[in-house]
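Undergrad: Given chain V, work out where chain U should sit, using these hints.
Number of protein chains: 2
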Amino acid sequence: MGLIMGLDPGLVVTGYGILDVTDDGRRVVAYGCVRTPAGSSQPARLEMLYRQLTAILERYHPEEVAVEQLFINRNASTAVSVGQARGVALLAAVQSGARIVEYTPLQVKLGITGFGRAEKKQVQYMVRAILGLPEMPRPDDVADALAVAICHCHYRAGGGL
Amino acid sequence: MGLIMGLDPGLVVTGYGILDVTDDGRRVVAYGCVRTPAGSSQPARLEMLYRQLTAILERYHPEEVAVEQLFINRNASTAVSVGQARGVALLAAVQSGARIVEYTPLQVKLGITGFGRAEKKQVQYMVRAILGLPEMPRPDDVADALAVAICHCHYRAGGGL
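Chain order of the listed sequences is V and U.
Mapping to numbering that gives the first Met the number 0: the first sequence position 153 is 152, numbers consecutive.
Mapping to numbering that gives the first Met the number 0: the second sequence position 140 is 139, numbers consecutive.
These are calculated hints, taken from the structure and not from any lab test.
There is no bait here: all hints are sound.
Part of the chain V face toward chain U, derived, beta carbon under 10 Å:
1) ALA43
2) VAL64
3) ARG85
4) ALA88
5) LEU90
For each residue, glycine too, the CB sits at the ideal point set by N, CA and C.
Chain V extracted, bound-state conformation (with noise of 0.2 Å):
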């Protein structure tokens, strides 16, 4: 079935899950984080993310690539920001060849938890949970990264929402 990566982009922090979907499971491949220094400029930052994307996604080479849909109520100026980071990683995987899904945070909490209106605590704690984890994945974009990674698997399994 091949690899699956789960992507949370963010111009400081990108936090990313490579599972591994067998017929009997799954398996936690990868998880970690892209980080970009605050004192370069947004330009460079964004060229810095996507070359360490770029980078991993040429390790794994997952098949699909799983992200969060976004939805900001707080300042525009950070949705653009987050856009911006978001786009440059949308890119780095069309680029690698990957299918890109994506999911409303609605299905993702209701996917690892069952419960749509599920705390972020509560999501990361079923991450581990359903993973094995030996602690919890930080920093939080790593564990949404892994829940949207888990939510693809529980949603493909089983034939679509």
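TA: What follows is chain U alone, placed relative to chain V:
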């Protein structure tokens, strides 16, 4: 002094304008826009934008790329979409080796019309007049890209704001 590119990035249309700055003024080298088809997925459109823009950057190799800072009052999903396209455009620009310079909308209006509350039409009129273009550059995104390029020439010649 080398070439300057003004850029107005968007997922649907990205306008660009390239000026040659010489000792005795500036010359329009090229202007136009890159479009991506509405029927394609967002990641695919980002990839097309990146590829087309990279080809233009490789062709003209501008020393500096000027973009307008983004201030969005509309809904945040627009901000995310524009942000994604902007991220990919900035990535292409920085990868080409160009220095990226950002201007606020106020700086662009002041630089072109001398009036910070100038209407869009007035900016477009002045772009055409300043560059001696035979007709109004269309669509708006192209005029906006030329406006930020002119603005950059002015501020650079004047030693900054």
